[in-house]
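Novice: So you can see what is in the structure, the chains are spelled out below.
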Amino acid sequence: MARIKEKAYEWVFTALAFSSLIFLVGIVIVLFKEGFPIFKAVKAGDFLFGRFWYPTYEPPEFGIFPLILASFWVTLGALLVCVPLGVGSALYLNEMASFRQRSVLKPMVEILASIPSVVYGFFGMMIVAPVLQDLLHIPTGLCAFSASLVLGIMATPTVCSIAEDALSYVPKSFREASFAVGANRWQTLTKVVIPAAGSGISTAIILGMSRAVGETMTVLMVAGGSAVIPKSIFDPVRPMTSAIAAEMGEAPMGSMHYHSLFAIALILFLITFAFNIAAEIISRRFRIKLGHSG
Amino acid sequence: MHNNIKMKAENVDFFYGPRQALKDINLDICEKRVTAIIGPSGCGKSTFIRLLNRMNELIPNTSLKGRILLDGEDIFGQQVDAVGIRRRVGMVFQKPNPFPKSIFENVSYGLHVNGVKDKKLIEKKVVSSLEKAALWDDIKDRLHESALKLSGGQQQRLCIARCLAVEPEVLLFDEPCASLDPISTGKIEELIMELKKYYTIVIVTHNMQQAARISDHTAFFLLGELIEMGKTQDIFTAPKDKRTEDYITGRFG
Ligand SMILES: Nc1ncnc2c1ncn2[C@@H]1O[C@H](COP(=O)(O)OP(=O)(O)O)[C@@H](O)[C@H]1O
Ligand SMILES: [Mg+2]
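If you read the sequences in order, they're chains A and B.
Plus 7 on top of the position in the first sequence (first one is 1) and you've got the numbering used here.
Plus 2 on top of the position in the second sequence (first one is 1) and you've got the numbering used here.
It cannot be assumed that every hint is accurate.
Stated by the list, open to error - Below, simulated EDC-like cross-link-like pairs (lysine to aspartate or glutamate); rule was C-alpha separation at most 16 Å, straight line:
| hint | chain 1 | residue 1 | chain 2 | residue 2 |
| --- | --- | --- | --- | --- |
| 1 | A | K179 | A | E257 |
| 2 | B | K233 | B | D30 |
| 3 | B | K34 | B | E171 |
| 4 | A | K198 | B | E107 |
| 5 | B | K25 | B | E227 |
| 6 | B | K97 | A | E183 |
| 7 | B | K189 | B | E133 |
| 8 | A | K179 | B | E227 |
| 9 | B | K34 | B | D236 |
Unchecked claim - Computed spacing ranges between beta-carbons, pair by pair:
| hint | chain 1 | residue 1 | chain 2 | residue 2 | range |
| --- | --- | --- | --- | --- | --- |
| 10 | A | R109 | B | R253 | 41 to 49 Å |
| 11 | B | G74 | A | P91 | 47 to 55 Å |
| 12 | A | S105 | B | G188 | 39 to 47 Å |
| 13 | B | F78 | A | P123 | 23 to 31 Å |
| 14 | B | G44 | A | P123 | 44 to 52 Å |
| 15 | B | K122 | A | R292 | 30 to 38 Å |
| 16 | A | S27 | B | G44 | 42 to 50 Å |
| 17 | B | H114 | A | S105 | 27 to 35 Å |
| 18 | A | S110 | B | K151 | 33 to 41 Å |
| 19 | A | Y99 | B | D15 | 41 to 49 Å |
| 20 | A | S105 | B | T239 | 20 to 28 Å |
Unchecked claim - Some chain A residues judged to face chain B by a derived CB distance under 10 Å, without partners named:
| hint | residue |
| --- | --- |
| 21 | G42 |
| 22 | P44 |
| 23 | A48 |
| 24 | E183 |
| 25 | S185 |
| 26 | A187 |
| 27 | G189 |
| 28 | N191 |
| 29 | V199 |
| 30 | I201 |
Keep in mind the hints are simulated off the structure, nothing from the lab.
From a predicted model like this one, the values you see are computed outputs, not experimental measurements.
By construction, the Cβ of each residue, glycine as well, lies at the ideal position given by its N, Cα and C atoms.
Using the sequences and the hints given, assemble the complete structure.
Specialist: This is the structure we're talking about:
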């Protein structure tokens, strides 16, 4: 009887473990199946690098280059915000904050990381964009720059939290060894602690990046939504995620527009998948480097 | 044989927060001798040895009373820089703690942080430190491999070499063999005997045979107090205090 029970548990857990794999495979199959037909109508090269996204014109044009560029610029901008802020605050938390400060700040950072993106989007729309518009006298504050700023702020807690974990995994003994040969705090930080946590910090940055690339709601609300190749960082843009979210409702099912949105989703999926794989490889290397197994 | 006093503890009390870990310690450490500190777990051996190179001040919320002298000068004095003290008083820890860098980088680290730029000089000192730590022959062909590939005993000797590179005057060892096998332990002991020609050495050990084999002087700590200190031979053959006798004959601890 006990044996049967044990077997049953084993089966249940195996099935659960495999179900997530099945979902993943299912998603990939759907993306391929629904996305692929667009390449019968448009060449892959024209799709990726076409300069015009007029999916509802007659005849339509399906060039997603403006959308890719928008995603790229907004993500790059977000990185310029979240990397210094996130890594800097992680260093502060880990190296300088007193025990009490850390025990208050770390949970706060984790709460910040879990605020829904619509809240950040709202903040961007109601505060960042108007202020920017007034300050710089530009036609609209809803643009690539605001989206970068808001996305960057949004990704900061994620980067900070993971980077702080990486720093705190650096064994105390490394620091002691460094101090014991007459290194000061700054040298210990830059020559021992940061290199030892380096791949963990890179993982944090990649995951922050993958959060920024995949983010939908915020960019939909803040980026301005214009699907043309941006000339400046203050132009409104339409990143890939916004295009999918904004247009899926109006694209007739089975139309080329519909298939093209799936193809965009497929590309987006491949990009974030690559980011996550990279993060995994780097963090695994990190564990080996610190002498932990696995 | 004359014994110059290299370091001296005067009326040292030490506290972790409100908890007193050391009580009125008075102790002399002789130049170019091995001083062993023995005593049961938790009696304050590590706390004491970590005061000698000011490592304890990295722990928040600690306080010290009394003085610790190096060549007659208070190492906690107003003008004294902890970094400079740690350069003169090196430390080897219980668990080997090489950096996740190459063997060469591990040994040259102390030179880099102390501002040595001359590549030739760095190379020379790395080699001589590895030789002094009796590691050179083991690893001379793989200087640029990761230090983490070495065995535990080799890692510990690498940590010794890392200390030696900055040419300290005093070497502190906190149970350096605690995580090593008997053969590696033997090698470290041999090395310490050799090093005492050039350095003043303080070693914390759990292992009384080890203290008896390698030290000139022995201090016995119990519950944060220094119970007895003297020539190793005297401590082990004719202890004055009953508690010392109980400890070395294995009645507790
Ligand atoms: N970082 C610390 N914070 C608070 N108490 C400590 C700390 N390190 C050691 N102690 C306490 O101080 C006492 C002496 O510890 P230690 O010097 O490590 O003893 P030993 O090395 O002889 O085993 C112990 O009671 C220990 O619990
Ligand atoms: Mg100890």
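Novice: Against this structure, judge whether each hint is valid.
Specialist: A quick look at each hint next to the structure:
1. Proposed proximity of K179 of chain A and E257 of chain A is contradicted: the alpha carbons are some 57 Å apart, above 16 Å.
2. Among the hinted pairs, K233 of chain B with D30 of chain B is consistent with the structure: their alpha-carbon atoms are about 12 Å apart, no more than 16 Å.
3. Between K34 of chain B and E171 of chain B the alpha-carbon distance is near 9 Å, which keeps this suggested pair within the 16 Å criterion.
4. Restraint check for K198 of chain A and E107 of chain B: the C-alpha separation of about 11 Å stays at or below 16 Å, so the hint holds.
5. Straight-line distance between C-alpha atoms of K25 of chain B and E227 of chain B comes to about 5 Å, which keeps the hinted pair within the 16 Å bound.
6. This hinted pair checks out: K97 of chain B and E183 of chain A have alpha carbons roughly 11 Å apart, not beyond 16 Å.
7. Restraint check for K189 of chain B and E133 of chain B: the C-alpha separation of about 14 Å stays at or below 16 Å, so the hint holds.
8. Straight-line distance between C-alpha atoms of K179 of chain A and E227 of chain B comes to about 28 Å, which puts the hinted pair past the 16 Å bound.
9. Among the hinted pairs, K34 of chain B with D236 of chain B is inconsistent with the structure: their alpha-carbon atoms are about 19 Å apart, more than 16 Å.
10. Between R109 of chain A and R253 of chain B the beta carbons are some 45 Å apart, a value that agrees with the proposed interval 41 to 49 Å.
11. Checking the proposed 47 to 55 Å range against G74 of chain B and P91 of chain A shows it holds: the Cβ atoms sit about 48 Å from each other.
12. For S105 of chain A paired with G188 of chain B, a C-beta distance near 45 Å keeps the hint of 39 to 47 Å intact.
13. Between F78 of chain B and P123 of chain A the beta carbon distance is about 53 Å. The supplied range of 23 to 31 Å is therefore violated.
14. Evaluation of the 44 to 52 Å hint for G44 of chain B and P123 of chain A yields a pass: the beta carbon distance comes to about 50 Å.
15. With their beta carbons about 33 Å apart, K122 of chain B and R292 of chain A fall inside the hinted range of 30 to 38 Å.
16. In this structure the hint that S27 of chain A and G44 of chain B lie 42 to 50 Å apart at CB holds, the actual value being about 48 Å.
17. Between H114 of chain B and S105 of chain A, the C-beta spacing of about 30 Å keeps the proposed range 27 to 35 Å intact.
18. Roughly 38 Å separates the CB atoms of S110 of chain A and K151 of chain B, a value that falls within the hinted 33 to 41 Å.
19. Against the hinted window of 41 to 49 Å, the Cβ-Cβ separation of Y99 of chain A and D15 of chain B comes to about 34 Å, which falls outside the hint.
20. One distance hint, 20 to 28 Å for the beta-carbon pair S105 of chain A and T239 of chain B, is violated here, with the actual separation near 50 Å.
21. A distance limit of 10 Å between C-beta atoms decides the matter here; for G42 of chain A the minimum to chain B is near 43 Å, and the interface restraint is violated.
22. Interface restraint check for P44 of chain A: the shortest CB-CB distance to chain B comes to about 51 Å, outside 10 Å, so the restraint is violated.
23. A distance limit of 10 Å between C-beta atoms decides the matter here; for A48 of chain A the minimum to chain B is near 53 Å, and the interface restraint is violated.
24. The interface hint given for E183 of chain A is met, as the beta carbon of that residue sits about 6 Å from the closest beta carbon of chain B, less than 10 Å.
25. Interface hint status for S185 of chain A: upheld, as the beta-carbon distance to the closest one in chain B is roughly 7 Å, under 10 Å.
26. For A187 of chain A, the shortest C-beta to C-beta distance to chain B is roughly 4 Å, which falls under 10 Å, so the interface hint holds.
27. Here the hint on G189 of chain A is kept, as its CB sits about 3 Å from the closest CB of chain B, short of 10 Å.
28. Using the Cβ-Cβ criterion of 10 Å, the hint placing N191 of chain A at the interface with chain B is satisfied: the shortest such distance is roughly 5 Å.
29. Satisfaction of the interface hint for V199 of chain A is found here, the shortest Cβ-Cβ separation to chain B being roughly 6 Å, below the 10 Å cut-off.
30. Given the 10 Å rule on beta carbons, the hint for I201 of chain A is violated: about 12 Å separates it from the nearest Cβ of chain B.
In this structure, the hints that do not hold are numbers 1, 8, 9, 13, 19, 20, 21, 22, 23, 30, in rising order.
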